[in-house]
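Here the structure of chain F is known, so what remains is to put chain C in place on it, guided by the hints.
2 protein chains.
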Amino acid sequence: MPEIPGPITIPPDKAELAGRLSKVRALMEANKLDYYVSFDPVNIYYLTNFANNVHERPFILILPRKGTPTMLCPLLESSHVKTRALCDLEYVTYYEVPSPQGQNWFDVYKNLIDENARVGIESALPVGIANATPGKHVIEDIIDDVRLVKTAYEIGRTVHACSIINEGHRKLLEITRPGAMEVIIYGEVVRLMMGKMLMEIPTANLLASKFIGAVWPPSLSHDPHIVPTPFTAMEEGGPHVSIVTAQVDGYGVEVERTFFLGKVPEVSIKPFEVMMKARSRAYEMLKPGVVLEEIDGQVRQIISKAGYEKNILHRTGHGLGITGHEAPYVALGDSRRLVPGMLISIEPGIYLPGEGGYRHSDTVLITENGYARLTDAPDTLAELTIGL
Amino acid sequence: MPEIPGPITIPPDKAELAGRLSKVRALMEANKLDYYVSFDPVNIYYLTNFANNVHERPFILILPRKGTPTMLCPLLESSHVKTRALCDLEYVTYYEVPSPQGQNWFDVYKNLIDENARVGIESALPVGIANATPGKHVIEDIIDDVRLVKTAYEIGRTVHACSIINEGHRKLLEITRPGAMEVIIYGEVVRLMMGKMLMEIPTANLLASKFIGAVWPPSLSHDPHIVPTPFTAMEEGGPHVSIVTAQVDGYGVEVERTFFLGKVPEVSIKPFEVMMKARSRAYEMLKPGVVLEEIDGQVRQIISKAGYEKNILHRTGHGLGITGHEAPYVALGDSRRLVPGMLISIEPGIYLPGEGGYRHSDTVLITENGYARLTDAPDTLAELTIGL
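Chains as they are written, first to last, in the working numbering: chain F, 1114 to 1501; chain C, 1114 to 1501.
A portion of the hints provided could be inaccurate.
It does not matter which identical chain is meant; a pair holds if it fits inside one copy or across any two.
Unchecked claim - Result set (DSSO-like, lysine-lysine): computed pairs, CA atoms no more than 27 Å apart in a straight line:
#1 Lys1249 x Lys1223
#2 Lys1400 x Lys1418
#3 Lys1323 x Lys1309
#4 Lys1145 x Lys1179
#5 Lys1195 x Lys1423
#6 Lys1223 x Lys1423
#7 Lys1323 x Lys1284
#8 Lys1390 x Lys1418
#9 Lys1249 x Lys1179
#10 Lys1376 x Lys1390
None of these hints come from the bench; they were simulated from the model. These numbers come from a predicted model, not from an experiment.
So here's chain F without its partners, still in its complex pose:
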């Protein structure tokens, strides 16, 4: 396996953000778009380094094909945007939601784009904002397309983010014992990861940071998206499934493991092995040029042949970047090919009601020759059977 690149903890420089913008503009050119409008806070963060939560006061980033982009934002937030945005921006503000007649965001917005322009919009754009957008609209998720392949900077940030969840996951395995309550595990693991981030990135943007450290005990682990209560208790045996995810100052990563406390039930051995075999097959296939859905197809075939077709609840994996879930998808239906610089999770799962779930997940970088696993946790049944 190739070497893992070094971690990066500094903010993006102007050249990094200008490089992202020029890729977006190349796609604007190809799609003959005069403007592109972005409302999705994730896309705005990607291009500007400014993070916000969507609320009733809209922030709209307007990219002309040439010249400085414009940020339309509430008066109240303009200095906040200025302290975080690290690219050149023109600022246009409106007073409030609502404002007196003629001073609302839509009144100001309509003057920022030429009525005859061809305007690209995101499929996530709210219809209320789309309707207030001048010009002829073309739905094209071009910022999302640029985000598919990561820059060296983004990869370095992700390597750093993985070092934080790797430590969180070690702590999680250390403190999870029969009877331990979810709220205690969560508190300890999250505090550790948050503390490490703040030591290493004192200027971290908390609006772009989030931590989860939780365990699905055997009574829940067959159901990966149910939410344990704070007082859910761990049990002897297993399968327990850990979920340690974070957005570390903007960069989303995950590591998950199936593990056992004290003993491994007889019925768990086969599904654990089948999951491991499907996972190995997925890793064997990881290299540039491979079609994503073919990986999922092979994984499904291995699991199905072992008799667990009905116990597949989800795709093999998903992209990661400035979110913890994004394109591309390691899934039937995604016919894109792997490219060096993509970041994906590999996490085939088998879910048996009444017994539990079997899934390991890692954050994986596609490299020139194959892949590099950026998360680091034990993965064999022996290592994941914790002595009491």
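Relative to the frame of chain F, chain C by itself:
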């Protein structure tokens, strides 16, 4: 002032949710809508009690004018929805994002609504989902309209949520001293509030719970929406402005105070008094029938007459409910009238660059005869000058 209703900590019963749905259906009837489609997680939570974060796998709630509503959701999440939704629902699932051809969410979705139907959609609906919605679309935010006036149940939940932030704010004033770092104040106050919520509502939904306890010291308090760093330190003097907000198992509330550590700078006395005068005027006007923008107009007049017109950065207040910011708005441009059962913040502010900000905020219920303030914190300059 009228008595404050008692706190409620139990989940909504079927009658509560059925009552909300029938109000939505009355508006569907009035707007001649055959269906209403909701994607906004807040509106889905309001009608079903199921909370989710929007991600690439859509959840869509389809309300026919009669009969049981349908929840379209990913296979992986259906048991999660079922454990939280407390109303009758039909479930339709799709496999994944993406799925093999013909099995995607939009393939399944298009069969759930009649092609000739008149379909109400939210202005927040993403255009990609709007375009996949069959029928003739009418943008009408009718669930948001129903949410304007709270039920007795919602008021009881809000009273409880306020008891939590009241305690958080007392702790904040107790521990905020010159030199104290944001991260410590935040950690202590959030831990206290989270712990109290879990003691009082052990089944609280953590996806619908969120806590903030922070202080803007004088170097930042002139800029209410800037975000302090974790290592921002408190200072002697002031004005400091506290922000304690929470979403307590679904119910959003806030309390904020302008306070001083040890001494009050001479320059702070006038703006503090003007803020208090504007705030008193707002409270004097609070009763059913009053037009919201008239309150903001009077507040602006008092502040402007004192010479601070340019130092107004925001409206007098906003609605609260299952979010911490929603309609109606105590703002120029909102011509609606106060109605008993509305919940609003009252928080006129004056912001002086180089000196600091002046704002108190409370969560306030409109009653038959006036109002009841549900948050409880000291508000005079004497009480808010903390001895060191």
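Status of each hint after checking the structure:
1. Lys1249 x Lys1223: Answer is both; intra-copy 13 Å and inter-copy 26 Å each pass.
2. Lys1400 x Lys1418: For Lys1400 and Lys1418, only the intra-copy Cα distance (25 Å) is at most 27 Å; the inter-copy one is 69 Å.
3. Lys1323 x Lys1309: both (13 Å within a copy, 22 Å between copies)
4. Lys1145 x Lys1179: Result: close within a single copy only, 13 Å intra versus 46 Å inter.
5. Lys1195 x Lys1423: between (51 Å within a copy, 20 Å between copies)
6. Lys1223 x Lys1423: between (52 Å within a copy, 25 Å between copies)
7. Lys1323 x Lys1284: both (17 Å within a copy, 24 Å between copies)
8. Lys1390 x Lys1418: Within one copy only: 12 Å inside a chain, 75 Å across chains, cut-off 27 Å.
9. Lys1249 x Lys1179: within (18 Å within a copy, 37 Å between copies)
10. Lys1376 x Lys1390: Within. Shortest intra-copy distance 22 Å satisfies the 27 Å Cα cut-off; inter-copy 68 Å does not.
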